[in-house]
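Asker: For reference, the chains in residue letters:
Protein chains: 2
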Amino acid sequence: MRADIITIGDELLIGQTVNTNSSWIGQELSLFGVEIARSTTISDDQNEIISSLDDALNRSDLIIITGGLGPTKDDITKETLCAYFKTELVLREDVLERIKAYFEARGKEMLPSNIQQAELPKDCIVLDNHLGTASGMWFEKNGKVVVSIPGVPYEMKALMTDQILPRVKSYFSVSGMYHQTIMTQGIGESFLAEIIRDWENRIYRAGLSLAYLPSPGIVKLRITSKIGIEDATKIDGFIQELHELIPQYIYGKNGESIFDVVGKILRSKNKTLGTVESCTGGAMSAGFVSIPNSSDYFQGSLITYSNDLKINLADVKPLTIENHGAVSEQVVKEMALGGKNKLGVDYCLSVSGIAGPTGGTDEKPVGYVWIGLATPGGVKARSFQFGTDRGRNIEMTILSAAQFLRKELLGI
Amino acid sequence: MRADIITIGDELLIGQTVNTNSSWIGQELSLFGVEIARSTTISDDQNEIISSLDDALNRSDLIIITGGLGPTKDDITKETLCAYFKTELVLREDVLERIKAYFEARGKEMLPSNIQQAELPKDCIVLDNHLGTASGMWFEKNGKVVVSIPGVPYEMKALMTDQILPRVKSYFSVSGMYHQTIMTQGIGESFLAEIIRDWENRIYRAGLSLAYLPSPGIVKLRITSKIGIEDATKIDGFIQELHELIPQYIYGKNGESIFDVVGKILRSKNKTLGTVESCTGGAMSAGFVSIPNSSDYFQGSLITYSNDLKINLADVKPLTIENHGAVSEQVVKEMALGGKNKLGVDYCLSVSGIAGPTGGTDEKPVGYVWIGLATPGGVKARSFQFGTDRGRNIEMTILSAAQFLRKELLGI
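Same order as they appear, the protein sequences are chains X and H.
Going by the numbering used here, the letters in the first sequence line up with residues 781 to 1192, in that order.
Going by the numbering used here, the letters in the second sequence line up with residues 781 to 1192, in that order.
Quick caveat, the hints were computed from the structure, so don't treat them as lab data.
There's no promise every hint is true.
If several chains are the same, the list does not tell them apart, and a pair holds so long as it fits within one copy or across any two.
Stated by the list, open to error - Listed below are the simulated DMTMM-like cross-link pairs for lysine to aspartate or glutamate, each with C-alpha atoms no more than 20 Å apart in a straight line:
#, residue 1, residue 2
1, K1144, E884
2, K1122, E920
3, K1033, E873
4, K1122, D841
5, K1033, E1021
6, K1122, D1095
7, K1006, D1040
8, K1160, E889
9, K1122, D824
10, K921, E859
None of these values were measured; they are calculated from a predicted model.
Generate coordinates for the entire structure from the input sequences, incorporating the hints supplied.
Answerer: Given below as structure tokens:
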């Protein structure tokens, strides 16, 4: 079974927006065992929509179209699809009610253009969008399926996950591949490959395959069976072996967030957490708070970006900064201890580093970071040398700090 | 003049790699005045290369192909292009010398597959790749141009910038399109469209076009001229008019970050900033710190996720929380004033809200947020009702807070 992905939008063609929708949909469909035949990005133009759709239907069984469905007039997808499938727009009262409720819940006024969004092709299954006002549309023709959904990423993802993938599964009876993904943090792809080489070779000998999926600070290992879920036990066995081989790097599975994993450990131990941050500026704290119900363990943070605040808020001694510099083992230890005390928490992570792009020296170059951790039993610290990109350094730092705490909590 | 972009690679189709090459090339070509007709991602397959190339040549004058040129055997692009342009591979001694030098400079051994990389089509202009071993190829046919370059982003970018764009300019004598983008925050796409309808109609009557590019909390408005930079003054006039029409929503242009814009105002006024955050958990602070050199104005933050810390760190009165709840005008005002004092800053933003997905009530549903702002002259607060998604609510809150501060700083 093959699929084509069509993404509509000039902003994608001219590179104003990076096309993350295509890659996300490609990933989800291939995890489902669907082969991606081609991915095409076109402008918001009737002829382009028709020609790319014709082309895709010659090649594939399923076409996913994103974009071109907003309330403003540069969006013409809906009318083009109506013409293509020889149907007409009708006002869907149920959809209108949902759009009305959407605006009421937000205390906002509905506009005529929003009412038009309730006009949908007669001959399609309407996919309710609970996060926005543009509905998804599911067309069937000669055993093939064309789906059109809005391009706003979180609306698109919810529609894909909740409605489209389950429908694809039943409509096409996809059995397909079976995957499990192991999340690792703190080791690069090449080093990881060296350490797990024997294990990887046995994966292949067992008729399975392995993919390395690196992103800043994290490498996911995806084990795939082409047979399907019958291989689940075999795959679980390999995962268990890997846990014994590299327990310090594995923090979770299947896309779990390391902040969620650490939060669950804290909750189970009934312990609280806070942070004291300099170069990450609150990103570590925000990482923990991004998890629902993090108030069970997360109390708060001191963001001490200036040296004055390191001293006044986190009780760092002025002399420690003077003697060792703000980016030092001594300072992050005092920050962690000061934060533990001021925030009244069991564990306190601290960080000070040179995020870049400027501010580096020969001795402490851009990307040089100290992470401290105060625990009920004392305080420890570790240094890291990341790269030259500010955003990436902040991301690497907060993931490494969460991993530092995870290992401390588990005693590994 | 129109261009097609073809990117080759299964890793792009299955979403293992996000296709940043397409967006980068699209951006560069459109800045050059070239219209991007279509962008296609295909697998490393001879038939796919031929069919997408045929298709693209029917539509466009210039085809840029990336990927499919590595030393490993799954790369068949070069031979396919040879067949397509009815030419043959010949060993290019000059290229072989360059590849040899490449390996010598790195102290690495050359492999047979690298020698094969010096075999290139007879009838093409070879584009020297100084950063890798795969050369670029420039084919001309019936006034049209097909370029094939490696997919490694930094090799691709160097080849594009140093060799391809200058050649495109002289070969096609391009003049081309011209864009300017206006960044707005705090108003949805539909409402914006209502307010600026007359202005928008005049844009079209002036022979220009307008696109709405929404993302959470932000709507970008892109004005395009098909003629080119000669329309710059006309477009600037429209932008000026829009500034007079909706000054409260426009915060910048061409992809600027609102945190950068606010930071520049603070720097110019020599004022300092801090934040006190509950539901955003440090994300607002991290937003300001994401900007290089933000230490010029940003001092630090108190992340008071628990009520105890609101009281102990930010001097919120226990009775205020008891009487009004943690998510209230009174509490965010006390948070902002407490933070201004404790952090020793000129301006302090504060936030308390229900990020979700749980914790909402009838009176204060998920997405209900209060933002406070202490200034040298006093304190003010505003409430917002966002949606149901935790991550999006946090994102909307921090953008709205930055906009709140921008308007205060500019007195609008």
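Asker: Where does the structure disagree with the numbered hints, that is, which hint numbers, in rising order?
Answerer: 2, 3, 4, 7, 8 and 9
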